[in-house]
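*Asks:* Take a look at the letters that make up each chain.
Protein chains: 2
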Amino acid sequence: MREVFHQSLEDVQNRLVEISELVTIAIDKATRAFGTSDVALAEEVIDADAVIDEKALALDEMAIEILARQQPVARDLRIVVSALRMSASLERMGDIAEHIAQLTRMRFPERAIPKGLKSTFLKMGELDVEVARRLTELLRTQELALVEEIRNADDDLDDLHVAVFEKVLSDSWQGEAAATVDATLASRYHERFADHAVSVAKKVAYLSTGDWTAPTGALDVATETVTGLA
Amino acid sequence: MREVFHQSLEDVQNRLVEISELVTIAIDKATRAFGTSDVALAEEVIDADAVIDEKALALDEMAIEILARQQPVARDLRIVVSALRMSASLERMGDIAEHIAQLTRMRFPERAIPKGLKSTFLKMGELDVEVARRLTELLRTQELALVEEIRNADDDLDDLHVAVFEKVLSDSWQGEAAATVDATLASRYHERFADHAVSVAKKVAYLSTGDWTAPTGALDVATETVTGLA
Chain A
0 MREVFHQSLE DVQNRLVEIS ELVTIAIDKA TRAFGTSDVA LAEEVIDADA VIDEKALALD
60 EMAIEILARQ QPVARDLRIV VSALRMSASL ERMGDIAEHI AQLTRMRFPE RAIPKGLKST
120 FLKMGELDVE VARRLTELLR TQELALVEEI RNADDDLDDL HVAVFEKVLS DSWQGEAAAT
180 VDATLASRYH ERFADHAVSV AKKVAYLSTG DWTAPTGALD VATETVTGLA
Chain B
0 MREVFHQSLE DVQNRLVEIS ELVTIAIDKA TRAFGTSDVA LAEEVIDADA VIDEKALALD
60 EMAIEILARQ QPVARDLRIV VSALRMSASL ERMGDIAEHI AQLTRMRFPE RAIPKGLKST
120 FLKMGELDVE VARRLTELLR TQELALVEEI RNADDDLDDL HVAVFEKVLS DSWQGEAAAT
180 VDATLASRYH ERFADHAVSV AKKVAYLSTG DWTAPTGALD VATETVTGLA
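For the record, the sequence lines run as chains A and B. Following numbering that gives the first Met the number 0, the numbering of the first sequence begins with 0 at its first residue and continues without gaps. Following numbering that gives the first Met the number 0, the numbering of the second sequence begins with 0 at its first residue and continues without gaps.
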């Protein structure tokens, strides 16, 4: 029975890695499409999101099967419940990549990146791709040094998110309302993407260190920085 | 054992109702504070969100306890897993109420509702409160007619969300960048609040009708309408 369970857990892990790889491809294409107004690339991301959704759903069904058939307890149970939550976060990261692609498509043939914010958004895009790559690696290797790297990239994204609002609300901002709307939404998407990655990374860390006092619950699905919007 | 399990499920249900009541109070205060620039009321919402977070976490721990001790299968297992997901959605609804309160506080003593959008946002606020009240009632009574009412209110909110963007991107819009940012974020928060309520309501419906082919998974945590942003 233990062996069956461990085989099941390995299947779950492999599926999490697979979904994380698809999310990495999605955010890489979405942020490149956003930076270059490449509407064909944006379409690819939008079309591919259904695959991420299906794979997340299949993983959820597998986790529920494991709970029903193998009735894990203690740490094993926490691992399976955490997998359900990680799947939800990864699925959400895929949605966010799709939203960035949708912004690109909506503005086409105009540029989706508002004037004056190009370097900021290119940097945000690079950081999101880096976060997704490291998360995939973390899910594959459980190498906990990656958790800190993901957190650091998230901190950098939070700083850039604040910088976008400072720019938009400064006297030098000459964007029209459409540019302001785009900057607001795009910045929020970029920043939220990394929040979800941090939430997954924390769960991997808790499962490795056995620190059950730290929340594994709903709480940190939604961790987000309050921005200096004012 | 069955009786113990049913007692546990009743406890879970009572806790979901309790959290939903707190979320209703939060969104009621947050939208009233937003409409009247009442910063003291906004502070109340911000302070109270920690209670919602704690209660969601306690409910998650209870659900994991039930999985470990009572090892439910089939429909019983789905109910417990769904409770974990409903708790995550309710917690997120609390966060969104807090975000609306934060917008109010950041703009104080200025008005948080951008000029020209007052009646739209008041209507959005009323709809969100109505959605929260009906969701609480649904969780308490399992009266499935409420699901349709929640969906209808969500449709109305989606229409208003589109109307906000039409206004902001119209020639008549004279708001400064700060007003455009506020309208964008506030409209997204109001609309997302109801998305999460629909996701919870759907789960209640699935559990009642036994329609397992419908997704109960990560998928519809995030259901959202693609808005006519363009």
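For the record, the hints were derived by calculation from the structure and aren't laboratory data. A portion of the hints provided could be inaccurate.
Which copy? The list can't say, so a pair holds if one copy fits it or any two copies do.
[Unchecked claim] Under the rule of at most 20 Å between Cα atoms (straight-line distance), these lysine to any residue pairs were calculated in the SDA-like manner: (1) Lys114 <-> Glu20; (2) Lys114 <-> Gln70; (3) Lys114 <-> Gln12; (4) Lys166 <-> Met105; (5) Lys166 <-> Leu184; (6) Lys114 <-> Glu148; (7) Lys114 <-> Glu175; (8) Lys54 <-> Asp154; (9) Lys166 <-> Ala177; (10) Lys201 <-> Ile63; (11) Lys114 <-> Ala177; (12) Lys201 <-> Arg68; (13) Lys201 <-> Glu53.
On a predicted model such as this, the values are computed, not experimentally measured, just so you know.
*Asks:* Confirm or reject each hint.
*Replies:* Taking the hints in turn, this is what the structure says about them:
| no. | hint | verdict |
| --- | --- | --- |
| 1 | Lys114 <-> Glu20 | neither (32 Å within a copy, 45 Å between copies) |
| 2 | Lys114 <-> Gln70 | neither (55 Å within a copy, 57 Å between copies) |
| 3 | Lys114 <-> Gln12 | neither (42 Å within a copy, 51 Å between copies) |
| 4 | Lys166 <-> Met105 | between (23 Å within a copy, 17 Å between copies) |
| 5 | Lys166 <-> Leu184 | both (14 Å within a copy, 16 Å between copies) |
| 6 | Lys114 <-> Glu148 | neither (30 Å within a copy, 43 Å between copies) |
| 7 | Lys114 <-> Glu175 | both (10 Å within a copy, 17 Å between copies) |
| 8 | Lys54 <-> Asp154 | neither (29 Å within a copy, 28 Å between copies) |
| 9 | Lys166 <-> Ala177 | both (15 Å within a copy, 11 Å between copies) |
| 10 | Lys201 <-> Ile63 | between (22 Å within a copy, 18 Å between copies) |
| 11 | Lys114 <-> Ala177 | both (11 Å within a copy, 17 Å between copies) |
| 12 | Lys201 <-> Arg68 | neither (28 Å within a copy, 26 Å between copies) |
| 13 | Lys201 <-> Glu53 | between (24 Å within a copy, 18 Å between copies) |
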